[in-house]
Amino acid sequence: MELLWLIPAWPLLGFLILTCLAARLPRIMAGSVGVGSVGAAALTALLMAWDFLKHQPGRNAFTQHLWTWLDVAGLHLEIAFYLDALTLVMIIVITGVGFFIHLYSLGYMAHDQGYTRFFAYMNLFVAAMLVLVLADNLPLLYLGWEGVGLCSYLLIGFWYTDPANGYAARKAFVVTRVGDTAMAVGLFVLYNQLGTLQIQEVMQRAAAAWPAGSTMALLTALLLLGGAVGKSAQLPLQTWLPDAMAGPTPVSALIHAATMVTAGVYLIARTHGLFLLAPTALTITAVIGAATLLLAGFSALVQQDIKRVLAYSTISQLGYMFLALGVGAWSAAIFHLFTHAFFKALLFLGAGAVIHALGGEQDMSRMGGLKQKLPLTFWTFLAGAASLAALPLVTAGFYSKDLIIWQAFASPRGGLGFWFMAVAGALLTALYTFRMVLLTFTGPARTPVHHPPGLVMRLPLLVLAFLSLTAGFLETPHSLGHMRVFSGWLHTCLPEAGLAAGREAYEILFELLAGLAALCGIFGALRLYHPLAKSRYSLPESLRQYWIKGWGFDSLYDRLVVRPYIHLAQFNKNDFLDLFFVFLAWLAKTGHQTLAATQNGRLRSYAWGLGLGAAAIAAMVVLL
Amino acid sequence: MILAFLILIPICGGVLAWTMESRHPGTARWIALAVLLGNLGLTALLVPARFDVVSAVGPFLISLELAWMPALGIHFHLALDGLNLVLVFLTHFLGLTALAAAWTEIEHKIGFFYFNLLWVLAGIMGVFLALDLFLFYFFWEMMLIPMFFLISVFGHANRTYASIKFFLFTQISGLLMLLAILGLYFIHGRLTGRYTFNYLELLGTPLSDVSGMLLMLGFLMAFAVKLPAVPLHTWLPDAHTEAPTAGSIILAGLLLKTGAYGIMRFVVPLFPKAAAAAAPFAMFLAVIAILYGALLALSQTDFKRLVAYTSVSHMGFVMLAIFAWNQLALQGALIQIICHGLSTGALFFLAGALQERLHTRELGRMGGLWAAAPRLSGMALFFALASLGLPGLGNFIAEFTILLGVYQVSKPLAVLSALGLISAAVYSLWIIQAAFHGPPQPKLVLADLSGRESAALLAMLAALVFLGLYPQPVFTAAEPALTHLTRTAATQKITEAVPAPPGENPHASP
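Here the protein sequences come in this chain order: W and R. If you count by the working numbering, then the first sequence holds residues 1 to 624, one letter each, in order. If you count by the working numbering, then the second sequence holds residues 1 to 510, one letter each, in order.
Any given hint could be a false lead.
To give an idea of the interface, some chain R residues facing chain W are shown, with a C-beta separation under 10 Å as derived from the structure [stated by the list, open to error]: (1) E399; (2) L482; (3) H484.
Derived by calculation from the structure, the hints in this document are not laboratory data. Don't be surprised by glycine CBs; every beta carbon is placed ideally from N, CA and C.
Generate coordinates for the entire structure from the input sequences, incorporating the hints supplied.
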């Protein structure tokens with residue numbers, strides 16, 4: 001356990017080596033440092049997990065103090081790491097999936113000029129993400145939180161020569177910072193009210209100080225939710241994620257699918273004690289999740305860019321997690337986070353393999369026929385797609401999503417409305433997923449294949465495909481073996497969801513319906529998008545455009561916030577406040593010139609002046 | 001005596017550098033380097049094992065009081081506590097980086113340049129150390145004149161306008177401070193019979209509401225111009241932009257900080273009641289500065305001008321914190337003073353490095369520099385991130401503690417100023433986009449950072465990382481001094497409420 005600090009230290013060390021030596025490091029070395037550091041972190045994480053399970057530390061958590069960060073005027077913050085079951089799941093996902101994505105990047109980025117820079121940023125990202133999940137207090141969590149945001153910015157804008165990438169990167173950073181600022185204000189409120197920022201203490205003191213439903217609890221929970229919504233690209237701050245696809249595909253896999261965007265889910269689960277005091281905040285979370293999962297699902301259905309389909313899909317799946325959190329199904333949310341990390345990373349890596357093979361082509365209408373040419377990519381991609389679509393029984397996504405759908409109904413905070421939205425989302429998911437599979441891999445080939453993926457790219461695909469199919473068996477419903485490994489483990493630190501009275505009886509029925517929805521979606525996709533399909537149904541063009549543009553949020557924000565701000569800045573470029581001083585200077589100068597003009601050396605004007613002056617004085621004497 | 005040496009050595013060094021001009025102009029650099037390193041060593045000697053040793057008059061580690069014009073109550077009175085020790089360190093650190101920036105930039109009148117540089121630093125040191133108000137004013141003026149020459153002689157195209165504007169703003173506001181100092185001197189003298197400029201004796205002078213407010217405003221004007229507070233900030237973009245790199249570093253890193261220090265040391269402790277009355281208004285102006293500076297920064301096309309406006313925004317946090325007047329905010333203000341000095345100083349350094357290479361400061365003519373100069377660009381990225389308050393760097397600690405502290409005093413203002421965090425991200429990332437990202441310029445030849453430049457920037461980088469991960473040494477050093485200031489102000493507010501009869505004032509002469 002004492003080696004806990006090593007887990008983030010490895011990738012941080014990798015980052016430092018890669019940055020300091022930079023160009024002096026041969027390519028092969030840079031790659032090994034980049035991948036090796038994350039590999040070392042993954043091994044250390046596994047070691048920790050083994051140790052944790054074997055020793056079961058007291059109160060199911062282990063804290064490691066490194067040093068006192070600051071201790072000023074009553075504010076005491078430690079650089080300290082906190083390890084419990086939730087953290088453990090997160091670090092295993094981050095380092096495990098992170099390692100395979102790094103490995104894949106060796107091949108994907110092999111010919112890129114910024115090879116070393118890429119691995120440096122990726123390592124820094126992993127380090128920051130690990131700090132985020134290991135943090136024992138909220139400011140340290142915030143450090144990791146902003147750190148991953150920074151790396152996201154750096155990697156979205158990785159190919160910096162194109163200003164569009166730079167714009168996407170800045171958009172991602174600034175939009176998430178809006179959420180981050182809400183979160184920062186949340187920290188101020190918490191500290192002001194509770195006098196601590198240490199996470200466990202915050203929850204204890206909050207529970208002691210605030211009755212359930214109190215305004216303060218609601219306020220702080222909503223402010224933290226603001227941060228979560230920004231990072232996890234939920235309504236109304238979801239706009240940055242589709243544009244974030246400008247980065248290299250492994251980045252999208254690691255940061256914008258498997259790990260960073262789940263930070264919001266992690267944050268809410270981590271501070272669940274606070275949210276439980278604010279039932280309204282939980283309901284809002286659930287509503288945001290449900291609305292997001294549908295909106296993003298519709299948008300995913302019409303995208304032409306394969307990465308944008310996956311991006312909207314990620315937003316939608318995160319919506320499921322928020323829905324789960326909102327109905328109090330904490331472990332279900334984390335379970336979906338867990339399986340989603342595998343299958344979404346896999347899908348991105350598969351998409352990356354396709355893009356790589358086609359020489360950078362991302363438009364699905366220019367793909368097709370890849371089933372024969374890239375068989376391994378196809379089959380692994382299919383595994384991921386099946387998992388995303390929650391194909392019943394054989395995929396991980398089925399077990400995790402099904403759990404959420406069920407609890408959206410069965411939890412005491414759930415209801416038929418949430419259930420219906422979740423099922424509709426499942427249908428949509430299956431539909432857009434298989435649309436993507438069919439457009440990409442079947443039909444006539446439209447672009448020739450240049451580089452089939454090499455070994456370092458194939459291995460991660462295989463491993464992740466295996467996990468996408470099997471990881472779900474850790475947690476199965478009553479009707480299917482009733483395996484409770486995952487939730488049993490998480491319930492050492494997260495409360496159980498519980499069931500509303502009288503809803504157990506419906507479990508099989510509702511599960512069948514959910515499974516049916518997924519099957520319908522797949523079937524629908526086959527009917528609509530298979531090359532041999534006869535019916536070609538297309539949406540009205542205006543609606544299609546509306547969905548492609550993500551329901552018009554971008555242009556709305558553009559008009560409401562971005563452009564007014566920029567116009568205001570441009571308008572006042574020369575600082576109108578300076579005008580006052582410029583005026584003073586002008587006054588002095590003009591005064592000087594006017595008076596100087598009277599000193600012209602001409603007797604006649606002096607005489608006039610004398611005369612007028614004397615007259616004026618005389619007049620004053622007379623009149624006064 | 002060490003305190004006097006800290007000021008005398010740069011003064012003599014400056015004169016020496018100037019006299020060497022005719023024969024060995026290059027030696028001036030080495031003289032300046034030797035002076036600053038020597039001074040830094042002397043300062044290091046002053047670091048005590050413990051900071052919380054409180055003497056009768058306050059937590060002063062060392063002080064020096066020599067009669068200057070005793071008949072008028074004027075003494076050469078310097079004293080050092082944890083607060084100004086930190087500031088003296090900062091002065092040397094930034095002095096050295098300014099030197100590194102000027103090393104190749106200044107090629108004419110080298111001796112005169114270093115004369116001015118060292119005299120400005122001596123003046124600043126004096127301002128930070130003086131505890132006699134007359135002496136303080138003396139140093140206040142002393143740092144102004146060499147700075148004027150640095151801008152007007154060594155500056156860029158529009159230097160005359162900028163230097164005169166700078167001079168008028170600071171001179172007029174300085175005169176108001178002089179009037180306030182004299183006012184306080186006479187009021188205190190009439191009440192107690194002791195005519196003195198000694199700060200420690202003047203603390204706790206009972207004042208009527210009106211005279212307290214007027215005198216407070218006199219001081220505040222001088223400090224608010226320096227800080228700068230909106231709407232008195234308009235000299236700053238011109239001065240920063242037109243000054244040579246070393247001048248910009250000293251302006252942003254140190255001169256602005258004298259304003260903040262003045263409010264902390266003089267305005268609030270001397271006039272606690274008037275300051276408390278003005279605090280809501282001052283804090284409101286500070287929030288305006290934060291948001292307004294950030295907004296203006298975004299539209300600038302001149303690299304240095306952009307950075308100059310970010311200073312307005314960042315110093316708004318300092319003013320906000322000082323008028324919030326609690327430990328947390330004040331400690332945050334001190335860290336902000338240091339970190340803003342480092343990060344903005346570094347950005348000016350980089351702007352200067354770019355101007356030396358590209359002969360332009362226009363962002364429109366930059367872009368895509370990363371490929372040509374990755375080290376320079378990486379450094380710029382780092383300092384831009386520092387300026388947007390990235391956690392892990394000192395600026396975050398500063399803004400976080402400031403806002404935590406301010407939140408205890410005014411919730412709406414804390415929330416409003418937190419919006420500054422968003423706009424800081426907007427302009428900071430814009431710098432990177434405009435200058436370093438974007439399509440590379442094909443014919444551009446750009447030398448990357450030299451060893452000297454890298455060393456200076458790495459030192460600033462290391463300091464920011466250190467302060468971001470372990471700011472405690474600064475907090476520990478400043479804690480007794482800041483506690484003392486807040487306590488003095490608090491006790492006086494009580495005594496002021498019931499004006500003590502002359503002679504019975506508990507704070508009069510120790």
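Outcome of the hint check:
no., hint, verdict
1, E399, "holds, 9 Å"
2, L482, "holds, 9 Å"
3, H484, "violated, 14 Å"
Of the numbered hints given earlier, the model fails hint 3 alone.
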